[in-house]
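In order, the protein sequence lines correspond to chains A and B. So in my numbering, spot 43 of the first sequence is number 43, and the numbers just go up one at a time. So in my numbering, spot 3 of the second sequence is number 1003, and the numbers just go up one at a time.
To be clear, the hints were calculated from the coordinates, so they are not data collected in a lab. A few of these clues could be false.
Incomplete in silico selection of chain B near chain A, CB under 8 Å [as the list claims (entries may be wrong)]:
1) Ala-1243
2) Gly-1257
3) Thr-1443
Where is the CB? At the ideal position from N, CA and C, for every residue including glycine.
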Amino acid sequence: MRVKLRVYANLAEGASMDVGDNYDFHVDPGTTIAQLLAKAGINRRDVRIVMINNNQAELNSTIQDGDEVGVFPSMGGA
Amino acid sequence: MTDRILRVNMTNLQTTWQDLPEEYKMLGGRGLTSRIIANEVPPGCHPLSSSNKFIVAPGLLGGTTAPQSGRISIGGKSPLTGGIKESNAGGVIAQKLGSLGIRAIVVEGKAPAGELYLLEVMENEARLVKVKDLAGKGCYEVTDAIWDRYDKKVGVLTIGPAGEMCLTSAGVSVTDPNGSPGRFAGRGGLGALLGSKGLKAIVVLTDKTFEAHYYDEERFKAAAKRFVEVLRKNPVSGQTLPAYGTNGLVNVINEAGALPTRNFREGRFEGAENVSGERMARLIKERGGKTGHPCHPGCVIKCSNIYNDKNGDVLVSPLEYETVWALGPHCGIDDLDAIASMNRLCNDIGVDTIETGGAVGVAMEAGLIPFGDAQGAIGLIEQIKQGTPLGRIIGSGAAVTGQTFGVERVGVVKKQHITAYDPRAMKGIGVTYATSPMGADHTAGYSVAVNILRQGGYVDPLSPKGQVEISRNLQVATATIDSLGLCIFIAFSFLEQEESLGLILEMINSKTGSAWTAEDFTRLGEEILKTELNFNRRAGFTEAEDRLPDFFETEELPPHNEVFDVEPHELDTLFNFAEEVKKDAGKAASLR
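The whole structure should be built from the sequences, with the hints applied where relevant.
Laid out in structure tokens, this is it:
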């Protein structure tokens, strides 16, 4: 199945990906966010915020065909 | 040295020094401004009357070597909300006043009509000087003129033409260590309050910065040093805030479907990447600006920045998330240079960027100009400076603009505009907007940390459950942090690093000789909120004002298609520690 991954802030720099661009990944059913990150070359320990289709998710959340995933490091502001 | 309050009577043009009353000994910043207002300002007074007072107060830790201790609180009865108000900013004057032992400046009375003054504050002397040449001048020009007159080491607090016109979105500018007047106590129309007094600027004439006196300096410095290490170790305050500024939030909040777009029609903005913190940081680097810039002496987080234009000249400092949102996605504008230009204009005119962006978005909703029209937006803001009737309407904020043009979808609470998080997709912040005595103010209880940023726990942003409790806890803690004069961004450490609270208490105790515990930290926050709530009740506010505009409860926000559904009776439990204030409200209202 196919999913899209969007990577932000210093995670993008670390993985040499463009901020916020959609990267397509082919993954097996049952794949977790943590497994997707490994495939993308992103250290899961650097990831603090995970969203699947704009909803909050966890590193062990399972992704479905067509999902759009966004990941961030620790972020703050106000 | 005895700490003092400087009283400035604009009616008889006298200044007097008052020894700090015992009651105020452990209060600073918001705690002190709110207590003085409650003690001295009639709640029913007109905000522009001579009975209202404009109060400036550094935090309890102002003038010390504590990191992040340079916030300056401005307080008064708000010309915008009609309730109690504290708005704080960075810049240099908190550390200067703290170093001089000046715990507050209280501006009272009202100058004769047509007269404009500047207040010089020195270590043991203060003087009102009549100024004709500064009338109508913007904050950049005023600051330059003051530096020419004195020198660049002075701290300047000033208002722009909007404050002189008593427009209710007028804020108060404070100069930063680089001399930019872009540090704003923007919210609540406090610039109009100073304008009504006939006071254009306050100049603090001292080189002193970290010279507060301590009960036990050695203990204090050890705790402050350790706190610096803790803040630097935190990934938010040590890494992403300095790298992307607060504007790093654009992509986070957009990805969460909570970025209010085109006056709260949608929760995602197609142009978000163009105005994001990552894009901003790249442009700043390419154009020779600066990220990782401190807004006040003693700031180690450095979330500020200097944003240059295409030619490499300084356009504005800083460019921040709430401003970028209000003048950007809220108005359907995705041009960061246009947003920065509008930010500079707002700083110069002396208006709150959030309220101004809010009003421009409402004007777009009304069809005055189309969404996405950056040049049209700039034109509207320029009219504020010119003082045209339309400019004065926009400069009076979103509520007045909406009322004038018959717009229903106006995102205000207590007439103050909501900020960059849609409460339908992030319900915790909706609770704070609805209930804060300040009106809609995200900083009063930043539930975003828990709903979205996963700092200090997690509560599902789309569920109404648990939101009142997180907002309550954050509002209480924030009131105390605002009283210490600490930057709100220490909260990311406070929420995640256990050591933080102990270090803050150690700094309080070694500064003052007290023996505060965590309970005292909470008690102070609760007492401040009770004081503020009590003032608002006596000013005529009821629980009916602790609500979001009803379109948030009836119009679904894409992409989550949620409404705000925290029940009103739950909102009314937010101040469950202040039941006596609520009971007294009816009685007090009859005494007004």
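Quiz item: Which hints from the list above does the structure break, by number from lowest to highest?
Solution: Hints that this structure does not satisfy do not exist here, as all of them hold.
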